[in-house]
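Quick note, the sequences are listed as chains A and B, same order. This note's numbering puts the first residue of the first sequence at 32, with every later residue one more than the last. This note's numbering puts the first residue of the second sequence at 845, with every later residue one more than the last.
What the hints contain is simulated information worked out from the structure, not anything from laboratory work. Note that beta-carbon positions come from the ideal geometry of N, C-alpha and C, so glycine has one too. Errors might be hidden in some of the hints.
As the list claims (entries may be wrong) - Some, not all, of what chain B presents toward chain A, calculated at C-beta under 7 Å: (1) 911; (2) 925; (3) 938; (4) 939; (5) 940.
Unchecked claim - Listed next, the stretches of chain A that the computed footprint assigns to chain B, with coverage defined by at least 3 CB atoms under 8 Å from CB atoms of chain B: (6) 459-473; (7) 476-484; (8) 492-499; (9) 513-522.
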Amino acid sequence: MRLHPLSLLTGIVLALRQLATFIVILVVTTLIRGGASDRGAGFELVWLLIVPIVLSLAGSLIRYASTRYEVTPTEVVFDTGVVWKQRRVIPRDRVQEVHLTQSLVHRLLGLVRVKIESAAAGNTEIDLDALGEEEAHALRNTLTGAHGPSVYVRPTPPAYEVGTGRIVFASMLENRAILLLAGLAGAVYPFLDERNVGQLLKLAFHESKSVPVGTWLALAAGIYLAGWVFSGLLGLWTFAGFRIERHPKGILVSYGLGVRTQRVLRTARIQEATVSQGVMFRLFRLFQVQARSAGVQSEDQEQKGFGFLSPAATEDELPVLVDLVFPGIGPLGSGPWNRLPGRSAALRLLRVLPVWAAILAAVRAGVLLAGTVSIVPELKALQQAVQAYALPVVATAAALGLLATVLRAVNERHRLTDRVLVHRVGGIQRRWQSVPANRMQAFRVTQGPLQRAFGLCSASLQVADAACSLEDLPIAEAARIRDRASEARRADPRRGV
Amino acid sequence: VPGTALLLNDFQLGPVRPVGIALAVSLYPLARAVFFVDRQYKNWGYLLTERELVTRRGVWWKSATFIPRESIQHVDINQGPIDRWQGLAQVVVHTAGTGAVAFIPGLGLAEAQELRDRLAATPAEAE
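So here's chain A without its partners, still in its complex pose (with noise of 0.2 Å):
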């Protein structure tokens, strides 16, 4: 089966959005510049513009004209490229994930980009970009073994929803002005010549004095709140509307206004569940949920195999949310919680004050050197200010460092149920990692010469795509969690990964 036609449209958008910062470096330029033929700059500008466009529509005509799929009753065979022929085959039991995506072109023109993915290690992924969606939402229940209709029918309750207030309040507390301010600078700079960078310079800094502070402190709050509003803004573009519902194989979530994003994940192939929360999320007890099935590590997590289970969820949708993933574990497993040991913060301490202390050592070292050396008059101001804050400002630093130290290994939490293991580590910003033992692949010991002297070692619990590291336990805290993920693992019929 081929693309649906309209890709072709898609095709020159995508090649034209990759030239877009070119095409529009060249286009200021050549107007500032006045052209540089005879002919004027109206003359350059249009073959600024029709170039690209000639040129992307070729392209994607290729790209419609040898791209073809199918769907076998055993495989997915995808085969494309004029010159370089490929073609992609994969069984369809290996078919991991299906990723149904739509920017706004997408969907102004009904079309849907379908991503399949499989498990296998290297790059095994087929890109369909775009289907019509009817044939996009057929495909995905084809392979991904949802029965009824074939044209995708929305089941009515979702299992799980974020209300666009809360989305757009959760993104605020991240406050993006300086995001914003390179934006803004990234947009101004090509218009920028000597004579404007002048008159920027003198109105900063020689103008600056006769501008009355209260000016500047109202521009600065006014873009501080700019920032507050902009990331409310791209928040909401990024995450409206975000529910997940139940499907045959998983779990389906979608969200999004920009690039709506549909993501089917296995539930028997998640391999992690990561609950996080920053100083802000803490403070109005808000949680980021994400969860990670089997596939290979990219740099783009958010493509492969990593997805949100809640931008912002409360503490109560805790239990839902990771009930979604690890069916029937309770809230982030249940039981008490093990600490560590005093001598791991002990120990731990011992590790990092060799380093805080060369750190000083190396500071002193240059604030009296700073002090031998002579030095050009209008720096003096700088040389003193070194010489009397640099030591005592590197020190609160240590201490500091030295404070969060023990505050994480005192915070550090472990606990492991029947089926998964579950560790919380940070002392402001916390972290649940929870992996599930009862598809353990590999359970790794390790003991470093400090930590056999304090009787101490580090586990790691592996699974196929996933590990859970816990560092400084007592060795028999560690034997114990060996033997009980071994049972889980056992216990469970399946055996899965």
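Assemble the complex: chain A is given as a structure, and chain B must be docked to it using the hints.
This is chain B only, laid out in the frame that chain A set:
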């Protein structure tokens, strides 16, 4: 990598010192081999129980790996030129996911093949 950094820095000083440092860097594995090889040899070990494979290694940093026998996906036997000359072999055990999990080097070829067959058989067949 630290060795490389040293070398790069010293190129500015003259042509003699990089050579000396390169020599020192290349002698390090030799020195290590002489001083550590017997202890490393003594600490390598493996144990195959009816439920799992346990491998053990390390002198300063000791580690032990436990692999449930149902988790084993495939088993390789590797022989380098020196192994072939001495009639030795290395057994590599893989589980699902990426990367090998356990290495058992320096076995006699016959022993390696026997271990491979025992590992590849399902535990029920092995009993």
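Hints, verified against the model:
1. Nearest Cβ of chain A to the Cβ of residue 911 of chain B: about 5 Å, under the 7 Å cut. The hint holds.
2. Among the interface hints, the one on residue 925 of chain B is violated; its C-beta lies about 28 Å from the nearest C-beta in chain A, farther than the 7 Å criterion.
3. Among the interface hints, the one on residue 938 of chain B is violated; its C-beta lies about 10 Å from the nearest C-beta in chain A, farther than the 7 Å criterion.
4. Of the supplied interface hints, the one on residue 939 of chain B holds, with its beta-carbon coming within about 4 Å of a beta-carbon of chain A, less than 7 Å.
5. For the restraint placing residue 940 of chain B at the interface with chain A, the shortest Cβ-Cβ distance is roughly 4 Å, inside the 7 Å limit, so the hint holds.
6. Against chain B, the segment 459-473 of chain A contributes 3 residues with a C-beta closer than 8 Å to a partner C-beta. That satisfies the three-residue criterion, and the hint holds.
7. Restraint check on the segment 476-484 of chain A versus chain B: 6 residues with Cβ-Cβ distances below 8 Å, three needed, restraint holds.
8. For the segment 492-499 of chain A, the stated coverage by chain B holds: 4 residues have a C-beta nearer than 8 Å to a C-beta of that chain, and at least 3 were required.
9. Residues of the segment 513-522 of chain A lying with their CB closer than 8 Å to a CB of chain B number 4, which satisfies the three-residue condition for coverage.
Hint violations for this structure: numbers 2 and 3, all remaining hints satisfied.
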